[in-house]
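Protein chains: 2
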Amino acid sequence: MGEALGGLRRTMMCGKPRETNVGEKITLMGWVQRNRRLGGLNFIDLRDITGIMQVVFGEEINKEAFVKAQAVRPEYCIAVTGEVVKRQDPNTNMETGLVEIKCESIKILSESETPPIYIKENLDAAESIRLKYRYLDLRRPDMQNIFMIRSKTSKAVRDYLDLNGFLELETPMLTKSTPEGARDYLVPSRNYPGMFYALPQSPQIFKQLLMVSGFDKYYQIVKCFRDEDLRANRQPEFTQIDLEMSFVEADDIMAVNEGLVAHVFKEVINHEIKLPIRRMTFKDAIEKYGSDKPDLRFGMEITNLSEEAKAIDFKVFSDALSNGGSVRALCLKGGASMGRKDIDRLGEFVKTYKAKGLAYIILKDDEIKSPIAKFLKEEEMNAIIAKMGAEKGDIILIVADKDSVVFQSLGALRLELSKKFELVKDKSEFNFCWITEFAQFEYNEEEGRYHAAHHPFTMPMDEDMHLLESDPGSVRSKAYDLVLNGEELGGGSVRIHEADVQERMFRALGFTTEEAYERFGFLLEAFKFGPPPHGGLAFGLDRMVMFLAGTENIKDVIAFPKNQNAYCNLSQAPNVADAKQIEELGLMINTTKEV
Amino acid sequence: MGEALGGLRRTMMCGKPRETNVGEKITLMGWVQRNRRLGGLNFIDLRDITGIMQVVFGEEINKEAFVKAQAVRPEYCIAVTGEVVKRQDPNTNMETGLVEIKCESIKILSESETPPIYIKENLDAAESIRLKYRYLDLRRPDMQNIFMIRSKTSKAVRDYLDLNGFLELETPMLTKSTPEGARDYLVPSRNYPGMFYALPQSPQIFKQLLMVSGFDKYYQIVKCFRDEDLRANRQPEFTQIDLEMSFVEADDIMAVNEGLVAHVFKEVINHEIKLPIRRMTFKDAIEKYGSDKPDLRFGMEITNLSEEAKAIDFKVFSDALSNGGSVRALCLKGGASMGRKDIDRLGEFVKTYKAKGLAYIILKDDEIKSPIAKFLKEEEMNAIIAKMGAEKGDIILIVADKDSVVFQSLGALRLELSKKFELVKDKSEFNFCWITEFAQFEYNEEEGRYHAAHHPFTMPMDEDMHLLESDPGSVRSKAYDLVLNGEELGGGSVRIHEADVQERMFRALGFTTEEAYERFGFLLEAFKFGPPPHGGLAFGLDRMVMFLAGTENIKDVIAFPKNQNAYCNLSQAPNVADAKQIEELGLMINTTKEV
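Protein sequences, first through last, are from chains A and B.
Under UniProt numbering, the residue at position 155 of the first sequence is numbered 155, and the numbers go up by one with no gaps.
Under UniProt numbering, the residue at position 460 of the second sequence is numbered 460, and the numbers go up by one with no gaps.
FYI, nobody ran anything at the bench for these hints, they're computed from the structure.
Virtual Cβ for every residue (Gly too), placed ideally from N, Cα, C.
It cannot be assumed that every hint is accurate.
Unchecked claim - Subject to a maximum C-alpha distance of 27 Å in a straight line, what follows is the list of computed DSSO-like cross-link-like pairs (lysine-lysine): (1) 152(A) with 152(B); (2) 223(B) with 155(A); (3) 155(B) with 155(A); (4) 223(A) with 333(B).
To be verified - In silico negatives: residues of chain A with every beta carbon more than 10 Å from chain B: (5) 181; (6) 236; (7) 318; (8) 439; (9) 486.
Chain A extracted, bound-state conformation (with noise of 0.2 Å):
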């Protein structure tokens, strides 16, 4: 059951009232957020996305509006009309606290059955209930907080963009399979039966499509799609802050994109970035922090003790210096307090990432405990100890094998410790930094041949062009990632507009004109029609949305998430289909396959 609104019309919000109020009457709409009755009279808190306004009911003030409120229950939704009035017990933690409204009329909207969870900040439920329920899920003010978050972040991103001469253009989302890659959702084709199109992993090609069309500056908020396994945080569709400009360098786009970052940050949560963001170099940041996207909320670098290794007589070292790899470690400060247990769980840990194992020297206040110690003289000891930089109190800890194992365990290994002794002191703060120079190629062993490592259209370094084809492995690229406390926010290059440039990456990447031309070709086509030099950037939208409103789930910033599964709890997608429809589609539903 549920009334009409008969022309009813709201006149205020329910966070809004307020002791400037007093007088007014009038009319709130919202929902029950709980109805107590107290020394005779009815007392409703009424919730919006505003806040919450206290409605109060009595004989003494209305009859009818009375004995109607006694059968509201949690979530009904309802009109009431009243006076604003000062509370005989204001309370100051309510923004609506020190008034409440005489309740002279009340409608009841639409009743309410018991909700399954309750409507309140900090929800602790199961996942699966709060997405099969998520239309009240989302009734929750933390969850309301977000979106709002999340349109204002969209907003400011609009504004900046339209404001520095940025056009919206859309990219289609029915368009053709990519060839490296992740893998795409397929869309069958009714036209064509047995064809499909993709959807887009993201709009890439036609980006630069739009810059061949001069176009000069385009952006786009928009949706992107990837069939992979769920890692936690990820999701089957995303969505994508998008440019790409004409006639630019790297420095440009860098300018550009920080301004936008630093514009969003101030507008959505008032906080100030300085600018310009600070730059490391790929390999700087391997070689301090062992990763890409170092978290630079705190110290504890990744020091160099090959040359100290040196004249050590312990064969782990030695081992791992003579097949060129090397000897690095961390100094924790104040770790030396650490029982036998916990190092033992690091070794653990670091032999995930392929270690053999973890040396370690603590610095005890009376004595110095380490198993190599010995196999080192006191003066190499000594200089260990004075190169990390170590205390009395601190422990240093060393991973010696070949380069990629020492950095991907250490840097791996430095995250780990940040967690366990909370190394991170200011919560509130966003350390921003720029990623460059990163490498042109991966080298893939399986295949034996080169990878782009962003992608095939990316520019080498003016200064590394010469070594294309004498040495790929030391070119570094274009490519730029903007990184926050030790996650990629986003990330890109310029590209490659010379037609001779390009057939040189195809062919350090192994392929023939033609191989390229089957991957590549409408894009490449396009090329030979004078290309404006170019390059852009794409932000993951839900990542920055997650560091703004200060959640680590990423199902917490979209409105309608799946699950680990790819699955809607809410909808039941994916569903069956009509079986007519398949088959024009000119498929069949393989039903030998396990389900």
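Please arrange chain B on chain A, whose structure you already have, making use of the hints.
Frame of chain A, contents of chain B only:
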């Protein structure tokens, strides 16, 4: 081949230099429109998205640049640096026509093959070629202008809705197939082989859920999908401006939306729409214009001659009347000059709308010509002429049939005549009208049941609520369309939020509760928990941009459109998919299906 920018920066756009810039040294970048040799000099017209600038090369100005410029051909992408000087031969047709650049240096950023289409306004090339080389088609100034208009339109929509308290919220693209409506595009699931997501035809259900969640005001500019055979001006993916509001009635929604349209037309093309926009009931629209999207830029309303026809002894008239139909007519001013062939053609035309024929009365200067004159007494003829307000030189065109045929055929005839006789005098006029009080139900004769004319959540008018069971055919709904120059620009409705009304609605549609749940389960489930009164509207963004840009082809306003077979000539989508991937999806291609 191509040159790198190498640190060179663009300092101005091509369309910007003016006399006030004379003496400045500037760098422009863009595409070569043409390269002429004249009097020992080279003149290059350089184009970017802002306009065209003349650049002069000469041996005296800079020899190296002059030599390099010889090799430059149309659509090469170049950068030029030089001084702005006054033109000896000012060209007042160009905004930059009073000045030119004396080129001191030129970089050829990239070369171009001879483009397969001309880069010029009002191109007359085959659509398939334009779509295949879309990136060149989009270089044409008239196309670039359209997409600047489109971008401005989106921005104006967002600014207005943001200012009016709407949140931009995203709804999912991978969702559940909708049981009524057009054919969905399906997306096979890998996690649930043999199951499918559907791409949304509109975010209707999700936006209603957002209202249940208490988001109060939602909007989104969003891609929607329909796998239908493409008529002219339909695309498989299109963009909707979608919005929904809570605690409102139809007037509130219409007020916000006409404010939106007025803001957009003012911001984008500086056109003032006089508010409020006139309203017309569905019944009036049908009776006067034979259409629920009447073109009101010209009159020529349908006139009911049934009263006049009653006494006339003419079988066609009397049959129509005795079968419950009517006799109605149009009067075309000045139409008496039409020849016999033209009139016969109009007769054929109305037959395509199932009319049995077209009677006519021609008011020549000296006589009245009419095949039905013999059936009419003089006073009967005079009564008809008087009712029609016809004068010498006019023609009266009459259809007698059951009402639906009369309205359809005369409505179509009215539009046909307006084209033929150019009845729309002011081509720049934007004539808006709200159509209201739509029929709630349409009777489906095949199925022998009522269908929802809008959708099954549309609220009936309060005045007609009592007729839901007794006379569903005459129930009017709280639905409204915004019509512009005879096209539907947008439409929406107030939704049902009362459980009991919803149940009555389903009964009227012939659904059991179980069937209703099967079709609309998760929305109905949500409605158990205090849904607010709510309603909304959706505009077709593509169509809105067509009006703002003055084009009648939807492909002109979509950057990368599909052709009539939903095929993309540029990317060659749809295309074959990887056999392994098809298998992972639990599908097989039905090879017996004709391709």
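Results for each hint:
1. 152(A) with 152(B): 19 Å, holds
2. 223(B) with 155(A): OK: residue 223(B) and residue 155(A) at ~18 Å, within 27 Å.
3. 155(B) with 155(A): This hinted pair holds, its Cα atoms lying about 10 Å apart.
4. 223(A) with 333(B): 53 Å, violated
5. 181: Holds, because the least Cβ-Cβ distance between residue 181(A) and chain B comes to about 13 Å, which exceeds 10 Å.
6. 236: 6 Å, violated
7. 318: 46 Å, holds
8. 439: 20 Å, holds
9. 486: Residue 486(A) is indeed farther than 10 Å from all Cβ atoms of chain B, at 26 Å.
Violated hints, in rising order: 4 and 6; the structure is consistent with all others.
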